[in-house]
Amino acid sequence: MIKFIFFRFFYICVIAILISFFQVSFIESCFAQAPNATLYGRILTSDQTPADNVSVYLSNTDITTVTDEKGNFQIKAQPGTYTLMIKHIGLLSTQITVRINPGENTLETIMLTITNHQLQEVSISGGRINKFGRKSSEYVSRLPLNNLENPQVYSSISKELLKDQQVNNLDEALKNAAGVSKSFESTGRAASGGTTFILRGFVTQSKLRNGLSGNITTSIDAANVESIEVLKGPSATLFGSSMGSYGGLINRVSKKPFKTRGGEVSYYAGSYGLNRLTADFNTPLDSTGKLLFRINTAYSAQNGFQENAFRKSFLFAPSISYQVSQKLSFELDAEFNQLESAGSQFLYFYGNTPVSEFVSSSAADIKINYRSSFSSSDLTKRGQNANLGQ
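In our numbering, the protein residues as written are 1115 to 1504.
Bear in mind the hints are in silico, worked out from the structure with no lab data behind them.
Misleading hints may appear alongside valid ones.
Estimated spans, in silico, between C-beta atoms of each pair [stated by the list, open to error]:
1. L1405 - L1502: 11 to 21 Å
2. T1494 - A1393: 40 to 50 Å
3. N1483 - F1395: 14 to 24 Å
4. Q1498 - D1182: 48 to 58 Å
5. F1395 - E1222: 46 to 56 Å
6. T1220 - F1316: 43 to 53 Å
7. G1376 - Q1440: 16 to 26 Å
8. S1160 - L1442: 18 to 28 Å
9. K1296 - P1348: 19 to 29 Å
In silico BS3-like links for lysine-lysine, alpha-carbon gap of 25 Å or less [unchecked claim]:
10. K1296 - K1346
11. K1426 - K1346
12. K1426 - K1184
13. K1184 - K1495
14. K1373 - K1273
15. K1373 - K1201
16. K1296 - K1426
17. K1441 - K1370
18. K1273 - K1190
19. K1404 - K1184
20. K1369 - K1277
Remember, predicted model here, so these are calculated numbers, not experimental data.
Glycine is no exception: its CB is placed at the ideal position from the N, C-alpha and C atoms.
Please take these sequences and the hints and turn them into a complete structure.
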């Protein structure tokens, strides 16, 4: 009886040891399959623009990802040697052999060449993509913060949106910002003649250019605008009390030089005799790409729906930059605006006038010829505006 119990206990111990051995082996095998290495990288196009929504994957694996709006990506995989595949419509596909070591690995910046040979392909991705959206701004908070990190309320109007809408001045561009309405147009007066807007109930003007105070006496042409940022609320005091109001402020960001040669000339015409010609040219001035030059210019002419109404504007905006080192650079830019237009009509009502004293309760019933400018072609309004920045 004792011998039987001893052998039975011996068999139970052997089975328990085998089960424990297989459990440990299974756990080690699972951990061995878990990725314990990370590969970081960044992708730019040949004109130094971040390439977003680019497909990046490891060949012969199911590991894949896409780049963010800054062109950054990361991949987690087992250590080893892989072929990194990069594909996107309009860009030349690239493959790179990479060695992923345990821990964190960082690749050098990958440059993609813009090409036309893939424009017949169609890419379908899930979700709703806003091609005009901007997820971060360095000017609004004076720090490179993403939207989720920034507690401020602001709207950003990109140059892509302005180009899609064929907007040619700042007044029309601000129709894309919620909470902003035009009070009256520019008067041409020195220092205070810019267009006046109502922002969250308070009067304000676009007095900021690249986050700094900028002179404004005319309506600003949009040909040199990279983006327009409308900061709403009292946090606008970060830029100075005289630059905004309690409702917020308006900041326009100008276009900057980039490292490759490129340019664009466009012309379009429209109703009321609209003719507009714009030109944008950029080029490096040395072989190393450290000294860069860019110029934007535009000319517009248009009549109005009123008699004797017209508008002519001219913009000339050169800029130059020099990259001394990776952490030090200098930039000098200028912006010259000229505007000539017919005299504008203003109808004022005193704020303490009761509604009962008005002849009519509707603007449509007031007997005013809105198609008349109440002026002659000899009475014109001229304004000039110049800004220098560094």
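Now for the hints, and whether the structure bears them out:
Between L1405 and L1502 the C-beta distance comes to about 19 Å, which sits within the given range of 11 to 21 Å. Evaluation of the 40 to 50 Å hint for T1494 and A1393 yields a failure: the beta carbon distance comes to about 26 Å. As the Cβ distance of N1483 to F1395 is approximately 45 Å, the hint placing it in 14 to 24 Å is violated. Between Q1498 and D1182, the C-beta spacing of about 42 Å breaks the proposed range 48 to 58 Å.
The supplied range of 46 to 56 Å is broken by F1395 and E1222, whose beta-carbon atoms lie about 30 Å from each other. As the Cβ distance of T1220 to F1316 is approximately 47 Å, the hint placing it in 43 to 53 Å holds. For the pair G1376 and Q1440, the beta carbons lie near 23 Å from each other, so the given range of 16 to 26 Å is met. For S1160 paired with L1442, a C-beta distance near 25 Å keeps the hint of 18 to 28 Å intact.
In this structure the hint that K1296 and P1348 lie 19 to 29 Å apart at CB holds, the actual value being about 22 Å. Between K1296 and K1346, the direct Cα distance comes to roughly 16 Å. Compliance with the 25 Å bound is thereby established for this hinted pair. With a C-alpha separation of about 32 Å, the suggested pair K1426 and K1346 falls outside the 25 Å cut-off, and the hint is violated. Taken as a hint, the K1426 and K1184 pair is broken in the structure, with Cα atoms around 38 Å apart against an allowance of 25 Å.
Taken as a hint, the K1184 and K1495 pair is broken in the structure, with Cα atoms around 44 Å apart against an allowance of 25 Å. A C-alpha spacing of about 19 Å is found between K1373 and K1273, which places the hinted pair at or below 25 Å, so the restraint holds. The straight-line distance between the Cα atoms of K1373 and K1201 is roughly 23 Å, inside the 25 Å bound, and the hint therefore holds. Between K1296 and K1426 the alpha-carbon distance is near 20 Å, which keeps this suggested pair within the 25 Å criterion.
Simply put, K1441 and K1370 have alpha-carbon atoms about 17 Å apart, close enough for the 25 Å limit, and the pair holds. A threshold of 25 Å between alpha carbons decides the hint, and for K1273 with K1190 the separation of about 35 Å lies outside it, so the pair is violated. Distance hint between K1404 and K1184 is fulfilled; the C-alpha atoms sit about 22 Å from each other, no more than 25 Å. Restraint check for K1369 and K1277: satisfied, since their Cα atoms lie roughly 14 Å apart, inside the 25 Å limit.
Violated hints, listed in ascending order, are 2, 3, 4, 5, 11, 12, 13 and 18; each of the other numbered hints is respected by the structure.
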